[in-house]
Amino acid sequence: MSDIADRVKKIVVEHLGVEEDKVSDSASFIDDLGADSLDTVELVMAFEEEFGIEIPDDAAENIQTFGDAVKFIEDAQ
Amino acid sequence: MFDLTGKAALVTGASGGIGGEIARALHGAGATLGLSGTREGPLQALAEELGERAHVLPCDLSDPAAVDALPRRAAEAMGGLDILVNNAGITRDGLFMRMSDADWQQVLDVNLTATMRLCRASLRGMMKARWGRIVNVGSVVGSIGNPGQANYAAAKAGLSGLTKSIAHEVAARGVTANLVAPGFITTAMTESLTEDQRAGLLQKVPMGRMGEAREVAAAVLYLSSPEAAYVTGATLHVNGGMAML
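So the protein sequences, as listed, match chains C and E.
Be aware that the first sequence starts at 1, since it is given in full-length UniProt numbering, and climbs by one per residue.
Be aware that the second sequence starts at 1, since it is given in full-length UniProt numbering, and climbs by one per residue.
Incorrect hints may appear among the rest.
Claimed, not checked - Under the rule of at most 30 Å between Cα atoms (straight-line distance), these lysine-lysine pairs were calculated in the DSSO-like manner:
| hint | chain 1 | residue 1 | chain 2 | residue 2 |
| --- | --- | --- | --- | --- |
| 1 | C | Lys-10 | E | Lys-128 |
| 2 | C | Lys-71 | C | Lys-10 |
| 3 | E | Lys-128 | C | Lys-71 |
| 4 | E | Lys-128 | C | Lys-22 |
| 5 | E | Lys-128 | C | Lys-9 |
As the list claims (entries may be wrong) - Label pairs and their calculated CB-CB ranges:
| hint | chain 1 | residue 1 | chain 2 | residue 2 | range |
| --- | --- | --- | --- | --- | --- |
| 6 | C | Ser-2 | E | Ser-100 | 56 to 62 Å |
| 7 | E | Glu-49 | C | Met-45 | 33 to 39 Å |
| 8 | E | Ser-165 | C | Gly-17 | 22 to 28 Å |
| 9 | C | Gly-17 | E | Gly-161 | 30 to 36 Å |
FYI, nobody ran anything at the bench for these hints, they're computed from the structure.
Built from N, CA and C at the ideal position, the CB exists for glycine as well.
Using the sequences provided together with the hints, build the complete structure.
What follows is the structure in structure tokens.
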């Protein structure tokens, strides 16, 4: 697993209080990891802070799974 | 009661009558204060009066970039930002048919848009901390209107909708947002009224007297306290019965 994926996973685990092994590439923040809409906003803001990037709203809407988040951030680096 | 020890509070309009009393009340309960306003002299004087735990943070609320940066400056100065009191306000009174675009816009910019910016920029830290208090200072005229104050009343009514929407969104994170709506309060602004004007206004107030700034500050103190944790999206009217809403 890439360094980025590790860092993203750490944020997700800390923020949503879920087990690390639940955070698979296809895990949906809302459907599988119990996030609500506010959690997803907070996650996106946490990603922005951690990686020093900007995630526009339309991109954020497409980040639905852990894998989506890792891919977006890798592409943005 | 109302122990704010260890909490950091930013108060805008702290150089004014009501803002100064709000700062004194929160400071008296143990909070660390960030005093904001446009006039640095009165802010410095207030900081000296309060002594420890007081930081002067001048800011022009009509400058969007300065407003966006203010919560971060406050958090850096105080080590955090737990309580935001949006008290600053301006008036540009005049009968509506003759109201200029500039008078409308200035009042909306400072009274509504700056508050929105400060709320937005302050919330992140509060959300992370799972604790926060936003207290916006509205006005009775936001509910009942006032001739000559269409701009001011519109901005203050806007604060009501803004505050309630924020309250909905952040309630699950231990952050509350409430409105304090003062009526007719003794300040430098109302001291310029003539006796006739004053008597006319007081006829509308069942209490038969003007309110004191510290009576508004007490409402802000309550809504800033841990004791008010279950109160959000509320409007606390401090108006001597002038409007029972």
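Outcome of the hint check:
1. Between Lys-10/C and Lys-128/E, the direct Cα distance comes to roughly 16 Å. Compliance with the 30 Å bound is thereby established for this hinted pair.
2. The straight-line distance between the Cα atoms of Lys-71/C and Lys-10/C is roughly 16 Å, inside the 30 Å bound, and the hint therefore holds.
3. Annotation: proposed proximity of Lys-128/E to Lys-71/C holds, straight-line Cα distance about 25 Å (limit 30 Å).
4. Restraint check for Lys-128/E and Lys-22/C: the C-alpha separation of about 23 Å stays at or below 30 Å, so the hint holds.
5. In summary, the hint linking Lys-128/E to Lys-9/C is supported, as the alpha carbons are separated by about 18 Å, within the 30 Å threshold.
6. Ser-2/C and Ser-100/E have their C-beta atoms about 58 Å apart, which keeps the hinted 56 to 62 Å range intact.
7. Checked against the hint of 33 to 39 Å, the C-beta distance between Glu-49/E and Met-45/C comes to roughly 38 Å, which is consistent with it.
8. At roughly 27 Å, the beta carbons of Ser-165/E and Gly-17/C sit within the given window of 22 to 28 Å.
9. Against the hinted window of 30 to 36 Å, the Cβ-Cβ separation of Gly-17/C and Gly-161/E comes to about 33 Å, which satisfies the hint.
Figure legend: structure checked against the earlier numbered hints; every hint is met.
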